[in-house]
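So the sequence lines, in the order shown, correspond to chains A, Z and B.
The first sequence begins at 1 in my numbering and counts up by one.
The second sequence begins at 1 in my numbering and counts up by one.
The third sequence begins at 1 in my numbering and counts up by one.
Hints are supplied without guarantee of correctness; some may be wrong.
[Said to hold, decoys possible] Heads up, simulated EDC-like pairs for lysine to aspartate or glutamate below, C-alpha to C-alpha not over 20 Å straight-line:
1) 34/B / 85/B
2) 185/A / 210/A
3) 85/Z / 29/A
4) 106/A / 143/A
5) 185/A / 47/A
6) 85/Z / 31/A
7) 85/Z / 85/A
8) 208/A / 47/A
9) 168/A / 193/A
10) 85/Z / 32/A
11) 34/B / 143/A
12) 85/Z / 74/A
13) 174/Z / 126/Z
14) 85/Z / 228/Z
15) 106/A / 93/B
16) 12/Z / 32/A
17) 106/A / 85/B
18) 12/Z / 246/Z
19) 106/A / 94/B
20) 85/Z / 86/A
21) 168/A / 128/A
22) 208/A / 221/A
23) 85/Z / 83/A
24) 85/Z / 76/A
25) 106/A / 38/B
26) 168/A / 86/A
Hints were generated in silico from the structure; no laboratory data involved.
Treat the numbers as computed from the prediction; the structure is a model and nothing was measured.
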Amino acid sequence: MSLSAAATSPDAQSAAVQPLLRAAALFCERDERVLFSGLDFSLFAGEVMQVQGSNGSGKTTLLRILCGLNSGYEGEIFWLGEDIDDNREGFLASLLYIGHRVGVNKILTARENLRWSSALHTPVTDADIDNALVRVGLAGYADVTCRNMSAGQQQRVSLARLLLSPAKLWVLDEPFTTLDVHGVKVLETLLAEHAGQGGAVLVTTHHKLDVPCELRRLNLDKQG
Amino acid sequence: MWLWFSKLGSPKWFYELSGKWLPWLVAFMVVTMTIGLIWALLFVPEDYQQSFTNRIFYVHVPVASISLAVFPLMAVAGAITLVWKMKLADMVAKCAAPIGVWFTGVALATGAIWGEPMWGTWWVWDARLTSMLLQFFLLIGVVALRSAIESPDAAARACALLSIVGAINVPIIKYSVEWWNTLHQPPTPLSMDAESANGPEIWVPLLIMIAAVYCFFVISLILSTRNEILQRERRSQWVMDIVAAERV
Amino acid sequence: MSDQSMPVQNSAAQVSTFAAFRATLRRDLLIALKRRNDLLNPLMFFLIVVSLFPLGVSSDPNELTRIAAGTVWVSALLASMLSLDNLFRADYEDGSLEQLLLSPQPLYFMVLAKNISHWLISGLPVVLLSPLLAYMMYLPADAYWTLVFTLLLGTPVLSLFGAIGVALTVGLGSRGLILAVIVLPLTMPVLIIGAKAVADASLGLPLGMHYALLGAILAMSLSLAPLASAAALRISVN
Chain A
1 MSLSAAATSP DAQSAAVQPL LRAAALFCER DERVLFSGLD FSLFAGEVMQ VQGSNGSGKT
61 TLLRILCGLN SGYEGEIFWL GEDIDDNREG FLASLLYIGH RVGVNKILTA RENLRWSSAL
121 HTPVTDADID NALVRVGLAG YADVTCRNMS AGQQQRVSLA RLLLSPAKLW VLDEPFTTLD
181 VHGVKVLETL LAEHAGQGGA VLVTTHHKLD VPCELRRLNL DKQG
Chain Z
1 MWLWFSKLGS PKWFYELSGK WLPWLVAFMV VTMTIGLIWA LLFVPEDYQQ SFTNRIFYVH
61 VPVASISLAV FPLMAVAGAI TLVWKMKLAD MVAKCAAPIG VWFTGVALAT GAIWGEPMWG
121 TWWVWDARLT SMLLQFFLLI GVVALRSAIE SPDAAARACA LLSIVGAINV PIIKYSVEWW
181 NTLHQPPTPL SMDAESANGP EIWVPLLIMI AAVYCFFVIS LILSTRNEIL QRERRSQWVM
241 DIVAAERV
Chain B
1 MSDQSMPVQN SAAQVSTFAA FRATLRRDLL IALKRRNDLL NPLMFFLIVV SLFPLGVSSD
61 PNELTRIAAG TVWVSALLAS MLSLDNLFRA DYEDGSLEQL LLSPQPLYFM VLAKNISHWL
121 ISGLPVVLLS PLLAYMMYLP ADAYWTLVFT LLLGTPVLSL FGAIGVALTV GLGSRGLILA
181 VIVLPLTMPV LIIGAKAVAD ASLGLPLGMH YALLGAILAM SLSLAPLASA AALRISVN
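For reference, chain A alone in the conformation it holds in the complex (with noise of 0.2 Å):
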């Protein structure tokens, strides 16, 4: 991949090109088997990047290593071109992440649990909620326990969060699972959308992505 073009290219260009998410010699076992190593890749603003492999091969432990949630690695990770450890605030003040397990509480309501997740990054109104919520397919489902919903509902009232949330850089295992076509739809409009406005999204599906933006892709399959 062109990183290191990137990198070494003049300082005037550099500013305009440098990657947000860089990340060099990524290396990473698990039980004594090598998922990854030697991983070298960067996304930009504007890109779509949608992580492949087989199941095993590391997607799911990639994208937590990105976020941090995994520290059980070998490599360098950098946001906007300072390591993620010396900046961790800036730069999970910058990440949206939605993992296998969504960040859905079942006891509380759409709006509660989305008040919540949002209060930990930047408050929002009830309002921007709302919106959020009829945007995602679910109008009139903001008071309705999570319980009561199905599992695409429940994914979706977590991805009404990217609506809700100022970050750059999503980062998103298997969010298309039980969605049904129109929330796939809604979903690739989505990062697409975020890509247009100078976002970057990282992404594991094995669903065949369309969206109407640069799509690139990094295997995984090709790294062991």
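On the provided structure of chain A, position chains Z and B as indicated by the hints.
Chains Z and B alone, transformed into the frame defined by chain A:
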């Protein structure tokens, strides 16, 4: 870079160095333990009020002093594990915990055997015994946590953290137990002053026994750690070489 | 990012740390209110354990007076142990814990918020119920306030220490009794001092030292325990 260094350098270095030390340590232990035991059991004059059983003192005190050193050792190893991710530190901590449980258990048992003729009972809620018992529980907690977590990496860091929390707690436990005990019961005659009032014929064999038992502890720890190193590093070239050499 | 913008950003960050703290506290209390059983169970457990002692030991008032302080304290300890599971378990399972860990706010305050809400839900009711149980155990009237005050100072410590244990074990599939094995030894100093304070109060002895020690332990665990819990959570989600 440091990570790389500590990960690949240390276990092998420790394995080779400890291999050189071991014969000397064993020899030293055999000599000191033989001298110490014979002296303590046969030649130390009998205490005028205590019977023959007071000679267990020469086992009890060294073992108990090591039990007290185990938690600080584990906490330091834990801190190294958490800060520098040094694998060797975790291997030592992992091996020290069960050995520590054994030593603490032996200290409690020998204390009971010693206490029976003195106090007329196998167990008293004396400040030292009680805090030793609580420390025994803390150590068991660390061992239990280690065996409960499957991922070795997570287990290492979780146990490191628990060891540090425990080590901070040990003095608190000790002082609260002493404070609780001194107001509850009359002080027990288990005081070092009484012993040191006696002459060198009492404490010289004690020193020899302390050296011998410390040596025994270090040897157990080294042997156990070497074992752990071989297991964890079994895929590295140098371990394979050793195994191949053994097979021939 | 220019240098001039830094102070502004800092103050904004502080405001939102407080907002996040409050939101977390509110959320946990809300969840507890929606699950009344979880609210009631530790309290019932406390009541039942205390009533085991007269049945198991003796119903003689003199005998009960002697063991009252220890009984109520031990039962409070066990009750707080029972309710610990609610602290991070559900959040771990539904992924909220990951969201918490990925908040740019200092994790110390988030864990502290969860600890406070846990204590309000499970510790405070026990404190409030304790005079009733003290009466049933024939605790001398002089010692009532001491019991309430020591529990007030001591039960938060139980929550704080307990949180470390829960955070360490939250990722384990089958935990069984390991939580108790880890946490109970850590809590013994509090039990010793608390129970002794109540016992001394019924003898009319001065109590300044007891309160000072409990206060010191509380202050220390308030400042250190959430840090340890936070570190333990990072290990557990790994």
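Here is how each hint holds up against the structure:
This hinted pair checks out: residue 34/B and residue 85/B have alpha carbons roughly 17 Å apart, not beyond 20 Å. Taking the CA atoms of residue 185/A and residue 210/A, the gap is about 9 Å. The hint holds against a cut of 20 Å. Our distance criterion of 20 Å between C-alpha atoms is met by residue 85/Z and residue 29/A, whose separation comes to about 15 Å. Of the supplied pair hints, the one linking residue 106/A and residue 143/A holds, its CA atoms being roughly 12 Å apart against a limit of 20 Å.
At roughly 18 Å between alpha-carbon atoms, residue 185/A and residue 47/A fall within 20 Å of each other, so this suggested pair holds. For a cut-off of 20 Å, the pair hint linking residue 85/Z to residue 31/A stands: about 17 Å separates their Cα positions. In summary, the hint linking residue 85/Z to residue 85/A is supported, as the alpha carbons are separated by about 15 Å, within the 20 Å threshold. Restraint check: the Cα-Cα separation between residue 208/A and residue 47/A comes to about 17 Å, which is no more than 20 Å; the hinted pair holds.
Between the alpha carbons of residue 168/A and residue 193/A the distance comes to roughly 12 Å, so the proposed pair stays at or under 20 Å and holds. The suggested pairing of residue 85/Z with residue 32/A holds, with an alpha-carbon distance near 17 Å, which does not exceed 20 Å. In summary, the hint linking residue 34/B to residue 143/A is supported, as the alpha carbons are separated by about 14 Å, within the 20 Å threshold. As the CA atoms of residue 85/Z and residue 74/A are separated by approximately 11 Å, the hinted pair is consistent with the 20 Å bound.
Restraint check for residue 174/Z and residue 126/Z: satisfied, since their Cα atoms lie roughly 11 Å apart, inside the 20 Å limit. For the proposed pair residue 85/Z and residue 228/Z, the alpha carbon gap of about 17 Å is at most 20 Å, so the pair holds. Between the alpha carbons of residue 106/A and residue 93/B the distance comes to roughly 11 Å, so the proposed pair stays at or under 20 Å and holds. Under the criterion of a C-alpha separation no larger than 20 Å, the hint pairing residue 12/Z with residue 32/A is consistent with the structure, at around 18 Å.
Distance check on the hinted pair: residue 106/A and residue 85/B sit about 17 Å apart at the alpha-carbon level, within 20 Å; holds. For the suggested pair residue 12/Z and residue 246/Z, the alpha carbons sit about 17 Å apart, so the restraint of at most 20 Å is met. Restraint check for residue 106/A and residue 94/B: satisfied, since their Cα atoms lie roughly 8 Å apart, inside the 20 Å limit. Proposed proximity of residue 85/Z and residue 86/A is supported: the alpha carbons are some 18 Å apart, at most 20 Å.
A hinted pair counts as satisfied when its Cα atoms are at most 20 Å apart, and residue 168/A with residue 128/A qualifies at roughly 18 Å. About 17 Å separates the Cα atoms of residue 208/A and residue 221/A, which keeps this hinted pair within 20 Å; it holds. Distance hint between residue 85/Z and residue 83/A is fulfilled; the C-alpha atoms sit about 18 Å from each other, no more than 20 Å. For the suggested pair residue 85/Z and residue 76/A, the alpha carbons sit about 16 Å apart, so the restraint of at most 20 Å is met.
Taken as a hint, the residue 106/A and residue 38/B pair is honoured in the structure, with Cα atoms around 15 Å apart against an allowance of 20 Å. Distance hint between residue 168/A and residue 86/A is fulfilled; the C-alpha atoms sit about 19 Å from each other, no more than 20 Å.
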